[in-house]
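A.B. asks: For reference, the chains in residue letters:
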Amino acid sequence: MVPEKRYSWLRLLLKYRGTALPRMQGRLAFTTLLAVGVTAVDLNVRFFHPDLTTIPFTLIGLALSIFLGFRNNTSYDRFWEGRKLWGGLVNTTRTVTRQILTLVNEPEARKDEAGRPAESEAIATFRREMVYRVIGYTHALRLHLRDQDRLEELAPFLSATEVEALKGELNRPIAILQSMSFRLRDAWQRGWIHAYHLPVLEQSLSVLTDLQGGCERIKSTPIPLSYTSLIHQLVALYCFALPFGIVKTVGVFTPVVVGIVAYAFYGLDAIGDEIENPFGTDPNDLPLSTISRMIEVNLRQRLDETDLPPLLKPKGGNLH
Amino acid sequence: MVPEKRYSWLRLLLKYRGTALPRMQGRLAFTTLLAVGVTAVDLNVRFFHPDLTTIPFTLIGLALSIFLGFRNNTSYDRFWEGRKLWGGLVNTTRTVTRQILTLVNEPEARKDEAGRPAESEAIATFRREMVYRVIGYTHALRLHLRDQDRLEELAPFLSATEVEALKGELNRPIAILQSMSFRLRDAWQRGWIHAYHLPVLEQSLSVLTDLQGGCERIKSTPIPLSYTSLIHQLVALYCFALPFGIVKTVGVFTPVVVGIVAYAFYGLDAIGDEIENPFGTDPNDLPLSTISRMIEVNLRQRLDETDLPPLLKPKGGNLH
Amino acid sequence: MVPEKRYSWLRLLLKYRGTALPRMQGRLAFTTLLAVGVTAVDLNVRFFHPDLTTIPFTLIGLALSIFLGFRNNTSYDRFWEGRKLWGGLVNTTRTVTRQILTLVNEPEARKDEAGRPAESEAIATFRREMVYRVIGYTHALRLHLRDQDRLEELAPFLSATEVEALKGELNRPIAILQSMSFRLRDAWQRGWIHAYHLPVLEQSLSVLTDLQGGCERIKSTPIPLSYTSLIHQLVALYCFALPFGIVKTVGVFTPVVVGIVAYAFYGLDAIGDEIENPFGTDPNDLPLSTISRMIEVNLRQRLDETDLPPLLKPKGGNLH
Amino acid sequence: MVPEKRYSWLRLLLKYRGTALPRMQGRLAFTTLLAVGVTAVDLNVRFFHPDLTTIPFTLIGLALSIFLGFRNNTSYDRFWEGRKLWGGLVNTTRTVTRQILTLVNEPEARKDEAGRPAESEAIATFRREMVYRVIGYTHALRLHLRDQDRLEELAPFLSATEVEALKGELNRPIAILQSMSFRLRDAWQRGWIHAYHLPVLEQSLSVLTDLQGGCERIKSTPIPLSYTSLIHQLVALYCFALPFGIVKTVGVFTPVVVGIVAYAFYGLDAIGDEIENPFGTDPNDLPLSTISRMIEVNLRQRLDETDLPPLLKPKGGNLH
Amino acid sequence: MVPEKRYSWLRLLLKYRGTALPRMQGRLAFTTLLAVGVTAVDLNVRFFHPDLTTIPFTLIGLALSIFLGFRNNTSYDRFWEGRKLWGGLVNTTRTVTRQILTLVNEPEARKDEAGRPAESEAIATFRREMVYRVIGYTHALRLHLRDQDRLEELAPFLSATEVEALKGELNRPIAILQSMSFRLRDAWQRGWIHAYHLPVLEQSLSVLTDLQGGCERIKSTPIPLSYTSLIHQLVALYCFALPFGIVKTVGVFTPVVVGIVAYAFYGLDAIGDEIENPFGTDPNDLPLSTISRMIEVNLRQRLDETDLPPLLKPKGGNLH
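Same order as they appear, the protein sequences are chains A, B, C, D and E. Taking our numbering, I'd label the letters of the first sequence as residues 8 to 327. Taking our numbering, I'd label the letters of the second sequence as residues 8 to 327. Taking our numbering, I'd label the letters of the third sequence as residues 8 to 327. Taking our numbering, I'd label the letters of the fourth sequence as residues 8 to 327. Taking our numbering, I'd label the letters of the fifth sequence as residues 8 to 327.
Hint data in this document are derived by calculation from the structure and do not stem from the laboratory. No false leads were mixed into what you were given.
No copy labels: a pair is met if it fits in one copy or bridges any two.
In silico BS3-like cross-links for lysine-lysine, where the CA-CA straight-line distance does not exceed 25 Å:
1) K320 - K91
2) K91 - K226
3) K22 - K226
4) K174 - K320
The following block holds chain A by itself, in its conformation from the complex:
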């Protein structure tokens, strides 16, 4: 993602990186050259003139506008839903951390009996391990959504045995949630968590499951191919045919007009393509690495750790 939009109006006009231009420059150049060719033939040869008139462009323009608008909205909705899901991840990891720190406690009875320090160390360790697992889950989800197989990134947050066990798992984040769930049950059975409070923690795990499922849904289900292909075809057909329709009226400025119109339509089409899957690593995709690092820092600060990794800075103008 390109961070904080603080460009002046003028600088935005001239920006290249992070815009749709790199994606569409090939087809834009081709279309403009085609328009130059058509204009040249029309001005010189004279007797070759398939005049389509502007009628079809006005008529299809409506359908195209519907389609591009629909596509824009849908792609942005996917982008924004993805962002909401990761925002939910930020919230829920904070919530589950707070719950781990406050709802896991030594039972009153045992405290009185054996003096305070009976299990307090074991409980502190348990809390820390659980919060680390939440961090590990976040990183595992990021890797899962980006199809990256870097188990070593999870090593600081899980035990070696667990990391090993994850190797055979089809869905690693879910396996981590399962193991967190087993640990919570054990804590309940040991009396560290009140029976009334276990459902509260269980509920937070369900929310994480739902958030993950939402991300997987966006990733695995593109906009139906029939939409995507029809819109690509109509945009291309429109731009390729345009010079034949306007060369009689516009004359020598045909390539300029075609270039401008093609820039608009190809641009709209290309942006839709780019943000349709927001979990990739395109310039305008969501900065999952930045967010998961921020979660890591925030949660470790809750454990009163001070040896924290730095927040990620934009590389080459982009957050990843």
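Given chain A, work out where chains B, C, D and E should sit, using these hints.
C.D. replies: Chains B, C, D and E alone, transformed into the frame defined by chain A:
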């Protein structure tokens, strides 16, 4: 569903399978031939010329654009809501599995009394049977939504008696949920589930009921017929009348223009038709078989099973 | 509602019943005749010619398109929200039935003491009566939304006293929920329902209350009159004035063009009117009778009853 | 609100009250007179002719259509959200009444000990007072949203002390909720409400808090001024400039065309203004008085009262 | 935010402050001057005439209208979501205050034993401190969203130690929530909060976490840069090129027409920019200071305090 859209821009332009073209090629050919006929008559006979002018096409174009846009949005919303519901099924089956594995336990008291192994085997069997029922529910819902009567697909996940009992049921998935609910009650009465935790599991069954009801709603309630028929009529009227309106201006290129415009409008209309009911087996419908197989594999992996069926691969370019 | 849309493309083009045509044929005929008159005068008298030109039609066309699109979306949203609410009713009646069957039980203690059959019969009766009340609630809500006063339809599901008591009630479905709530409290006080599980059942009654309130809201609050009247006026003004604007350009084909344009605009307007209140008995309204019968059959099947009424079949092509 | 839209198509065309016309007749008359002036000058003086052509109107028309559509949708969304919130109020007051009547009970233990009538009268009084407070809350919220300071309307539902105490309160409905909350706590401490059931009632109070906050949000936050002023300016500019653009083409009919176009645009703009704040007392605003009276009657009927005030009837065609 | 829109229609037409004009006056002046230049050259030099015709403006106009409409909707959705989140903050702070005041109590047992006043003072202090922390959280969230480092504003609501501890925190509001959570746990362990009621309070903290996360999401994730830059470019390109397209037709009035069109398009674009991030201090941004002051006054009134700060009044016509 056509999986992972990784076609280059150029290949998408030329794609046939999975696009709207197969659905509309008949009416597209007819309309273009009609335009050829009108053009031929106009150029040769000369004295037969009902000139509708382009006025009505511009005026109706607006209404048509509203309608097609509305239709597109509504159909896609239905498609995406269907996907969300099945995404919710993925999430909730994972959640209910996690809950079954952690909230069903031997009560502390009995353990102490008779040593650990008293009921632990019965509980392990119970857990496995319950998770299998969740898988069976998923497959039953898929068959239910596709009006398929293949009870044999449920046999591996339910007891023979249960499969037999499902034969007379109008709504088989609901019957499976009911029987799961009875088993949970029995487990609670035996002390395997804490009274405070039973509502948590019951809540998950309610979520499954809601997800199923959502799917049934989309399946049983099409977009009102008056919408569908009006849009079909207007699109057809528009395309059939178009040659009479533009032949005076566009002349010999009339069939080309009519073909392009009809391609756009018939295409938009046909796509809406195709994804309106997303639970069918059209190329752009939701891959329920693939999803339910994935759920099966994921849940059985949670039971530490290793003898798992393979995930489904696309057949002829499509997932089912 | 017109059931399962399985008409071929061609049959849909020629359909009359269930489309918007019956609603608008009067004004459509009037408008076309007006156009015939204007054309006749213009062609013969010649010196009477108020030429409005097509300018106002293009300019207002935009505003009209906004308005019709807005109206279409809003009406459909109301229709679909109504459908969702009744879908929620299907789900919640299933859920509450499952909860009644599994959460209402004889307390462990008493079983041991007096042998099993102490209260089991009373509990079975209680469960059945409660499920019957759920069915009765569904039918009462249907009658309530359709302003039908057929108390006799509720007689099979409630006691005679209760039916009598409903006579004076302003809001009968709410009164039924209240009496269900009292019975649940009694069951809790007798120990048939665990104190922790009573909120679960109470929550389901709250969901039913919310669903009913949603239906009442749609029914009692039409789209603001200022919207409806402005759109009616603009559509009529547009169609009445159209012949004066195009007769100079289109000539003898004016009535054809006016007819087509009026068909589109009146059609869009009429459909919005029809589905704005989805709880009526118009052809495109929601089939409340069919849904509530289906609920009845489903719930009674859960009670293992076999003497079930048939599901409703379409009458004259429509479900009611 | 204008109740139940049951006007025939023809009567709707001619309606004045409750439509947007009264709001915009001034500016509509002014604009039409301006057009008459411009036409007269153009036809007679001849040499004064600033011909803007129709180009700017077509080009701005697009931006204007976006803006009016956006405004329409946003205003209606605010109207409908307001209606949903008051619908939620209807539902939640019913739910909380049902909960008060069933979850507030004399504890089993005390009944046995001292015979039944020990506290049953006190509890009946408590229930009635609580339901009256719910009614009082509804009326207080209505007065709060309409900035009306009629404390006397709350007198029948609260004690004199409470009414007195409300005088100094900035937010009276919230103060009523707070006092209900204290009473529920007292009931719990006396054993009238089970500790497990107190959160259920508390949850209903939270829902009321959320509903009230939603209403306050709509009331206190208009659509940003920059939107409202830009759309007003563009609509006015458009209509004032229109005669200069079309008088050359349309000639003597210019005032007719300008009148029609201005009617459409001013109308759309005025409706947006009217329903933007739905809690006022304009003809198309929400009938808060009617709804709160209905809530009062419904809840008192639940207390088996028979001396009920009548439901409100439309005054001069409107509900308030 | 500009408060309560009560301007007459005429005054709104002439308003400058709070409208989009200040933001765009530079580019508007430049574009109009360019049009003056083009017109002057065209009228005098005559032989320099690149006539683009109006075709490209009509064709791109469609794409532009899609884009501006999309941008408008998205920006307003962000604005309104931000408002909803702060509305949720108002609601939840009220709810959590009510819960603190009613669910934190001295346990029955201890009261009887040692007479009433045993811990009642400590509990009153605890309640007040907790409510103050809720107020402190609100102010901290405001400062956090506006990147303001004024810790001194929190001093009246937190202890000096706590304020000191906040200095090193990356996310101060979350740290405050964490400390509230610890205090609630302590209160539960002391018996001041019932074990069943702790999850109710914990749930309210989770809602606050979610609301804060939602605000952070809006703040940190702008609309993708590729959208923003494409729309800026197309609007500018359109307005700069417009005089070349219309000067042949419109002649000497070209600057007027260009000025009007540019006013519309720049205006729409500028408003989108302004409210995209609603947590700033622009005239149309959300009045976070006003809302958090109102929360402070409301909550302190619930503690029966009378020495309250005044509600904020608009400064220079704006609320902040």
